[in-house]
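Novice: One line per chain: the protein sequences are A and B, in this order.
The C-terminal position of the first sequence is numbered 191 in the numbering used here, with every residue numbered one higher than the one before it.
The C-terminal position of the second sequence is numbered 207 in the numbering used here, with every residue numbered one higher than the one before it.
Hints may contain errors.
Distance windows between CB atoms, simulated [what the hints assert, rightly or not]: (1) K91/B x R96/A: 42 to 50 Å; (2) Q168/B x L78/A: 39 to 47 Å; (3) Y5/A x I192/B: 35 to 43 Å.
These are computed hints drawn from the structure, not numbers from a lab.
The model shown is predicted, which means the values in this text are computed figures rather than measured ones.
A virtual CB, placed ideally from N, CA and C, is assigned to each residue, including glycine.
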Amino acid sequence: MDLFYLAISATFVNNILLAQYLGHCPFLGVSKRIETAIGMAAAIIFVTILSAIFTWSVFTFILRPYDLEFLQTLTFILIIASLVQLVEIILKKKSRVLYNALGVYLALITTNCAVMGVALLVVRKEMGFVEMLVFSSTSAVGYALALLLFAGHRERLQISAIPKSMQGTAIALITAGIMSLAFIGFQGMAG
Amino acid sequence: MRSTQKFGETLKAGLWKRIPPFRLVLGLCPSLAVTQSAENGFGMGVALALVVTLSSGIISSLRNIIPSKVRIASYIVIIATLVSIVEILMKAFFFPLSEQLGIYIPLIVVNCIVLGRAEGFAAKNPPLISMIDGLSVGVGYTISLTLIGSIREIFGKGEWFGMQVMGQSYEPMTFLVLAPGAFVTIGILLGIQNLFSRWRGEKFVQG
């Protein structure tokens, strides 16, 4: 039951994009069209789960036993960066279809704070292996959900008459604010 | 004479022409996340300014040594080292603030401003001017974050840097210190800034 609460809270209540504010560069960058948003969302789910597993293992089995926690930032970013490169190479070799679908977005993910943020949160909250899996996958799904919803809004925004000064990023941010207000409504569901 | 002019111009550029996160729409995550109060915004800005100034200096001094194929990876290692130093320093001297900022301090590593300045400026220019560029962008970021934090704190809680500024009868707009307030505040500030730029006849930057 606790895992279920964790899942609901990570997907809706503490939505990583709208409540924790992580991963905004791609959020505003690639959300102009639904197709690109779908590619990005899939790539993020994939990389977040994978990197959470790796960073958690390295932290629990190497950094903590040897009192090297201060190296956390450095190791995590290196793991994520090399993992992304590795995934890119493997996909290129093994699955051309998947590579064509995700390829461009994979390179962008290295500097996505959502991936790094999930890795850091997992370690900070001292989660076990199963909790880590549930938390990272549901966080990533929550991110994908918010990204897709937002991309839908932005496609519609392009054909609305917006005052000239508010066009582009400004109105996108206000839209995100209203969406975030809607997500606050989930707060009663789980802590 | 020309060189002092160039330094002055670089210093000024970060404060208005490319002030993040408004002109240079980078590094948005911390500007949304840590600006519930002016103090947090200021702390985050200073931490970032320190990292970006030092990293620009170091990267620029090594720019002829680092092979261009592995430059991004090298930049990330340099930046991550500096961020770890800042993180440890903050834990030692400003413990309450570092608890407040939480994971956003280590997340400076993936802040696009730092990498953007490294790639866009420090990789092509000598160390001193790169450091000035880093400093000016960092100071610009600090000003923006303090401004956003002040607006949210004053109207959302009726306080500024923890002091009561609004009268007792003021009903705080709690909405502003919650998540949606961050988006709306920055969106409106961006709009005002665009309006001002258009009124001054500058080129319209955001697409």
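Novice: Would you mind marking each hint as holding or not holding in the structure?
Specialist: These are the hints, each one checked on the structure:
1. K91/B x R96/A: 42 to 50 Å: holds, 47 Å
2. Q168/B x L78/A: 39 to 47 Å: violated, 53 Å
3. Y5/A x I192/B: 35 to 43 Å: With Cβ atoms ~41 Å apart, the hint holds.
In summary, the structure is inconsistent with hint 2 from the numbered list given earlier, while agreeing with all the others.
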